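**Q** One-letter residues, chain by chain:
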Amino acid sequence: MNRTRNNPLADDLVRPLLHTSVWFYGGVLVLASIVACGAAAWAYQLWYGMGVAGVNWPVFWGFYETNFVFWIGISHAGTLISAILRLVNARWRRPVTRCAEVITAFALMIGAIFPIVHLGKPWLFFWVAPYPSSRELWPNFRSPLVWDFFAINTYLIGSLLFLILPMIPDFALIRDRTTGRRQRIYGALALGWQGTTTQWHRLEAAMQIMAVAIIPVAVSVHTIVSFDFSMAHVPMWHSTIFGPYFVAGAIFSGIAALIIAMAALRRMLKLHAYLHPLHFDNLAKLLLLMSLLWGYFVFSERLTVWYGNVPTEMAVFWSTQRGAFAPFYWTMVVCNFVIPVSILSFRRLRTIPGVVLVSCGVVVGMWLERFLIIVPGLSTKQLPYSWGHYAPRPAEVVIMVATFAAMALLYMLFSKFVPIISIWEMKVGNQPHPAVSADEDEERQGLWRARP
Amino acid sequence: MAHRWGMVVDLDSCTGCEACVTACHAENNIPTVGPTEAARGRAMHWLRVERYWEGDFPDVKVKFKPVMCQHCDNAPCEAVCPTYASHQTDEGLNAQVYNRCIGTRYCANACSYNVRFFNFFNPQWEKPLQLQLNPDVSVREVGVMEKCTFCVQRIKAGKTAAKAEDRELKDGDIQPACAQSCPTGSIIFGDLNDHESRAARFTHSPRGTKLLEDEGTAPKVTYLQRQSWNEPDTQ
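For the record, the sequence lines run as chains A and B.
End of the first sequence sits at 451 in numbering that gives the first Met the number 0; the numbers just go up one at a time, nothing left out.
End of the second sequence sits at 234 in numbering that gives the first Met the number 0; the numbers just go up one at a time, nothing left out.
Worth flagging that the hints you see were computed from the coordinates, not collected in a lab.
It is possible that part of the hints are untrue.
Stated by the list, open to error - Some chain B residues well away from chain A (every beta-carbon gap over 12 Å; in silico):
#1 161
#2 172
#3 184
#4 197
#5 205
Said to hold, decoys possible - The following label-pair restraints were derived from C-beta to C-beta distances:
#6 A/134 with B/133: 18 to 28 Å
#7 A/152 with B/37: 32 to 42 Å
#8 A/156 with B/61: 50 to 60 Å
#9 A/303 with B/133: 47 to 57 Å
#10 B/31 with A/288: 49 to 59 Å
What the hints assert, rightly or not - To list a few chain B residues with every Cβ distance to chain A over 12 Å, as calculated:
#11 16
#12 24
#13 49
#14 72
#15 86
#16 89
#17 92
#18 118
#19 126
#20 128
#21 136
#22 151
#23 156
#24 201
#25 206
#26 224
What you are looking at is a predicted structure, and each value in this text was computed from that prediction instead of being measured.
For each residue, glycine too, the CB sits at the ideal point set by N, CA and C.
Required output: the full structure, derived from the provided sequences and hints.
**A** Here is the structure:
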């Protein structure tokens, strides 16, 4: 593997692993302390009981479930987009795939914490798993929460494989460029990778299978998350549109998160030579498409409810349209539809700062969307006597902020230990600028033809 | 034949006195949560008397409606529980097994009647009030759901007593706390499979309606509608 030495590409991309700035330590310290605050808030809730959160009768689900759906949604950025781009062989994907897949892995882990945090008895969360227990009882397979358990675990395992597989050649490269303890650790992670033709073919076959397999899994995961709501007889939850609506929203928020992460990486790790305005432009077009799709879903959902004019649903409808939840509703519409469509439709406005600004708005808007799906329906259910309100309490807010910090922290640490841009895939492209055709280079190396 | 427990509430004779609510609290060890928590929506009433007003002052009509778990045949809470904490017994009771409950609160969201309650904190009784707890009913701990059981402990006791005396269970042997304490006798409990029982006969009354019947939950509680002497009978 000596040919990898004195390679500017590898030098650039391995540098963040070998040199650490004081800013990094500072950032890790700040983020880790926020995460510690979140852990303390959870400990506080475990000690005193669920009552320290704002949930009540009749709004039994609040911020925790909002964050659960939000983070599972964010996780759809990575693996799904990366798999689609791999399958259609979009050449510009190369520097994007890994930073996208990492978002999936971490967002899923963070999202999967919330169903445990929200439990009355979180220490018994494993009772939703089917195992021969002393209770002699399987979980209730009719419950969407059990479906969640299977869907999320399948997606998490699949996404981790999808993330780790193409990291193996890069671990081998780092192993060959380092000495001492680093070499031993990365050597172990490289799983004996030698770069033989057989190994490359196996890796590519595995990637191809994973890319095909992960797409239906990703679609099913957010459909099943939407079933948590649409299976219940709660006004404006019980809707057939929820499956595709949630999947579209998930991809939408996921792309926004990916754009923010890429902009941060580009600035902090000085990856200007790899993450080009073109990447942001392409992702922005995808974001625009998803924004239009999201607007279409919301319009269809609202129009049918309004036209159907069922009293129980109309109570929820008006509470979001012009009642207590209206400010949040209209903020969501502006963030998710008005701003993205009016900025991303124009090439002159699709600059990196413009796209990042829109993405931040979309993340806020999509969070509000999840909140507006869950809470208004519960606060105005069928019997008017039992209508109620919900306001978050400190424990919920601290835990929520901590998960955002945890995401940033995990991302920082990951980009410290693993090249955030797949070096071997970049080398296959053999030119960091995606606007230049890669055809000749790829043709020259027949070895790469089977590459997904 | 197996029993099928049901209830009838006569809205015509209900005065809204809430004796049933008090009796339910005393019988079932339902904790009171104090004014602060009650204002946050953490009050627990397995049985509540809903009040609805019609018309404007001075021409106001008040309607009372005691609402407890409807023990639905097709209960939305049962399907969604991941651990079978909420399930249908052979006698048609919609049971809640506290030890199986992990507190997802999904059942409470799925319930159209909002008659399920969550223990947001461990229950507390100021001394010496803990001495008045009913020994036949377990005290629920923090993190589990609870709800009206049709006083399952009294059903068990009634069946045991009948068995000990080697006789069939008679209609009226079993009285839940709410039915027992209702001064106007508006709450009638009984076996719906026993066609001679008062509850079964009233269930088929032309005045009988189910709460939120169009939800398809098939409740086992029947409400007998009010009849007005002034208006023509629309039944």
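**Q** Look at each hint and say if it fits the structure.
**A** Each hint tested on the structure:
Listed as a non-interface residue, residue 161 of chain B keeps its Cβ farther than 12 Å from every Cβ of chain A; the least gap is roughly 30 Å. Even its closest Cβ contact with chain A, about 32 Å, leaves residue 172 of chain B beyond 12 Å, as expected for a residue assigned away from the interface. Non-interface status of residue 184 of chain B relative to chain A is upheld: no Cβ of that chain comes within 12 Å, the nearest being about 24 Å off. Separation of residue 197 of chain B from chain A is adequate, the least Cβ-Cβ distance of about 27 Å exceeding the 12 Å criterion.
At roughly 24 Å from the closest C-beta of chain A, the C-beta of residue 205 of chain B stays outside 12 Å, upholding its exclusion from the interface. Hint check: residue 134 of chain A to residue 133 of chain B, Cβ distance near 27 Å, so the stated range 18 to 28 Å holds. One distance hint, 32 to 42 Å for the beta-carbon pair residue 152 of chain A and residue 37 of chain B, holds here, with the actual separation near 40 Å. The hinted window of 50 to 60 Å between residue 156 of chain A and residue 61 of chain B holds, with their beta carbons roughly 59 Å apart.
Range check, residue 303 of chain A to residue 133 of chain B: about 50 Å between beta-carbon atoms, so the 47 to 57 Å window is met. Take residue 31 of chain B and residue 288 of chain A: their Cβ atoms lie about 55 Å apart, and the range 49 to 59 Å holds. Annotated as non-interface, residue 16 of chain B keeps its C-beta farther than 12 Å from every C-beta of chain A; the closest such distance is 17 Å. Listed as outside the interface, residue 24 of chain B is consistent with that label: its C-beta sits roughly 16 Å from the nearest C-beta of chain A, beyond the 12 Å cut-off.
With a minimum CB-CB distance of about 4 Å to chain A, residue 49 of chain B fails to clear the 12 Å threshold, and the non-interface call is violated. With a minimum CB-CB distance of about 15 Å to chain A, residue 72 of chain B clears the 12 Å threshold, and the non-interface call stands. Once the 12 Å rule is applied to beta carbons, residue 86 of chain B is inconsistent with being away from chain A; the minimum gap is 8 Å. Consistency note on residue 89 of chain B: stated as away from chain A, and its beta-carbon is indeed over 12 Å from all of that chain's, at 17 Å minimum.
Every CB of chain A is more than 12 Å from the CB of residue 92 of chain B (nearest about 18 Å), matching its label as outside the interface. At the 12 Å boundary, the C-beta of residue 118 of chain B falls inside the reach of chain A, the nearest C-beta of that chain being 7 Å off. The Cβ of residue 126 of chain B lies farther than 12 Å from every Cβ of chain A, with a closest approach of about 21 Å, so its non-interface assignment holds. Distance check for residue 128 of chain B against chain A: the nearest CB is about 20 Å away, which clears 12 Å, and the non-interface claim stands.
Here residue 136 of chain B stays apart from chain A, with its beta-carbon at least about 19 Å from theirs, past the 12 Å limit. With a least CB separation of 20 Å from chain A, residue 151 of chain B remains clear of the 12 Å interface cut-off, as annotated. Non-interface status of residue 156 of chain B relative to chain A is upheld: no Cβ of that chain comes within 12 Å, the nearest being about 27 Å off. With a least CB separation of 23 Å from chain A, residue 201 of chain B remains clear of the 12 Å interface cut-off, as annotated.
Non-interface status of residue 206 of chain B relative to chain A is upheld: no Cβ of that chain comes within 12 Å, the nearest being about 21 Å off. The Cβ of residue 224 of chain B lies farther than 12 Å from every Cβ of chain A, with a closest approach of about 17 Å, so its non-interface assignment holds.
Figure legend: structure checked against the earlier numbered hints; hints not met, in rising order: 13, 15, 18.
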